[in-house]
Amino acid sequence: MTGTIAVVGASLAGLSAARALRERGHAGRIVVIGDEVHAPYDRPPLSKEFLAGTATIDDLALVSPDDEALDLEWRLGSRAVGLERQSRSVRLADGGEVRADGVVLATGARARRLPGSDGLPGVHVLRTLDDAVALRADLAVSGRLVVIGAGFIGAEVASTARQLGLDVTVVETQPVPLAGPLGGELGAVCAELHADHGTRLLTGTGVAGLVGTDRVEAVELTDGTRLPAEVVVVGIGALPNTEWLAGSGVALGNGVLTDEGCATNVPGVVAVGDCAAAWSVPAGRNVRVEHWTHALEQPATAAATLLGGAPPVRCPVPYFWSDQYGARIQFAGSRREGDVPRLVEGDFADRSFLVVYERDGAPVAVLGMNQPRLFTRWRRQLRSAVPAA
Amino acid sequence: MITVCPTSSLPPGEAIRVPAEEPIAVFNVDGEFFAIDDTCTHQDASLADGWLEGCTIECPLHASCFDLRTGKPSGPPAKVAVRTHQVVVADGMIHVQVSAAAEGAA
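One line per chain: the protein sequences are A and B, in this order.
When the letters of the first sequence are read in order and numbered with this note's numbering, they come out as residues 55 to 443.
When the letters of the second sequence are read in order and numbered with this note's numbering, they come out as residues 265 to 370.
If you are wondering where the hints come from, they were derived from the structure by calculation, not from laboratory data.
Virtual Cβ for every residue (Gly too), placed ideally from N, Cα, C.
A couple of the hints might just be wrong.
[To be verified] Computed beta-carbon distance windows for the label pairs: (1) B:Glu317 with A:Leu218: 33 to 41 Å; (2) A:Asp125 with B:Gln361: 17 to 25 Å; (3) A:Asn319 with B:Gly277: 50 to 58 Å; (4) A:Arg427 with B:Gln361: 25 to 33 Å; (5) A:Gly380 with B:Gly277: 25 to 33 Å; (6) A:Ala188 with B:Val353: 53 to 61 Å; (7) B:Ala354 with A:Gly219: 53 to 61 Å; (8) B:Ala284 with A:Gly380: 30 to 38 Å; (9) B:Ala284 with A:Ala262: 26 to 34 Å; (10) A:Val187 with B:Gln361: 40 to 48 Å.
Can you build the whole structure from these sequences, using the hints too?
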């Protein structure tokens, strides 16, 4: 393909797609469209170092001087509002249009909000740089934070806020936090970090609503309890940004539906990153993945599909991490309900351990806390256990 | 010149962390030895604990990649290169000639 490729989305997946397209020899135009005004930046530090004030906006930049050579055409601050299937043109909110021969959909996901919380000062979600700037400003002048949702974002925000000296309560609807990704037993172990560092964790408790008119004053729980709060962070997951594709003919489900090679049902249109739900052979269904490493690695496959060429040989093992309260939590592999966790190193009580999840006696996933070296060895071993494609 | 270990103690695919003022990581890539600064330029992590693939070392924490030959970052989030150091093998021992501090560094 020598013509124009439009990359819709200017975060890690979009930038990685642009890099992969050049790496695979695409010499034509690459137009990168982003709804945020910011050049691509790294999101993981938004809940940690950036929120704590130890990393600057410059530290977050993903584009390096070497990327000049990519010769990308940036359309930042331009939201894509439609895709014309026949001509493969992307319509922009400002009335502009980008006509392309190939399109990479990389519009990511957005934070889910609590119904009825829109516009109430003091209530935050954390997804974008602007979100983080606003939250940081509020944390600096507040004493009491309530975090709704004890997932990774919620836990990291709680950790950072404790570090900043706030009084922090985390509310979680589920009986055990992180049971989805880690399983109940290990979810409970990781959640103990909250108590270790003086954060109150309330589990099995729903949120009835927020109290306050000019500004949030409290979070009301379903059991009637009122938790006073000067700041509230809602960390209850993310939704794929696919509404703009309605009516485009691109098949949508929980994200843009693609085959294993990131191809959508529309020729010349591929999808990557948080907005995409690629077919997974092991799972037997389309799976949408929100991990950073996935957004980094998957675009190489999409570039091969779009340009025609052999897909990358490296068969990545799903991998994510979370840094909370100074502890490094790392997870790799694919865990299912019923897999059996086995402690192979360390001790839960020491907050330093490695657990391997087994299925029919074979390792399928690994979880480490403060065990980076051993974790990496297991991660590598899991990869070699994956049969060659 | 820092003496690291006998070549026999560092088989292919392995890495060793050498304590120094600025710790150094030495890698064996299919019989060829490379030395770089051990600390990732993104955040505090030991690259000797990372994932070695060809001449690329991936940071064990946040997946930044560095080219062992040049020290340059080859994958985000790191943007700053690590220093590379000359490796000398003599009489079956691995030695590292530590490079001067990076230009412009304090």
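Structure-based check of all given hints:
1. B:Glu317 with A:Leu218: 33 to 41 Å: holds (38 Å)
2. A:Asp125 with B:Gln361: 17 to 25 Å: Violated, since Asp125 of chain A and Gln361 of chain B (Cβ atoms, about 39 Å apart) do not stay within the stated range.
3. A:Asn319 with B:Gly277: 50 to 58 Å: violated (42 Å)
4. A:Arg427 with B:Gln361: 25 to 33 Å: holds (26 Å)
5. A:Gly380 with B:Gly277: 25 to 33 Å: Holds, since Gly380 of chain A and Gly277 of chain B (Cβ atoms, about 31 Å apart) stay within the stated range.
6. A:Ala188 with B:Val353: 53 to 61 Å: Holds - the Cβ-Cβ distance for Ala188 of chain A and Val353 of chain B, about 56 Å, lies within 53 to 61 Å.
7. B:Ala354 with A:Gly219: 53 to 61 Å: holds (55 Å)
8. B:Ala284 with A:Gly380: 30 to 38 Å: violated (25 Å)
9. B:Ala284 with A:Ala262: 26 to 34 Å: Cβ of Ala284 of chain B to Cβ of Ala262 of chain A: about 58 Å, so the range 26 to 34 Å is violated.
10. A:Val187 with B:Gln361: 40 to 48 Å: holds (45 Å)
Of the hints listed earlier, those the structure fails to meet are numbers 2, 3, 8 and 9, in rising order.
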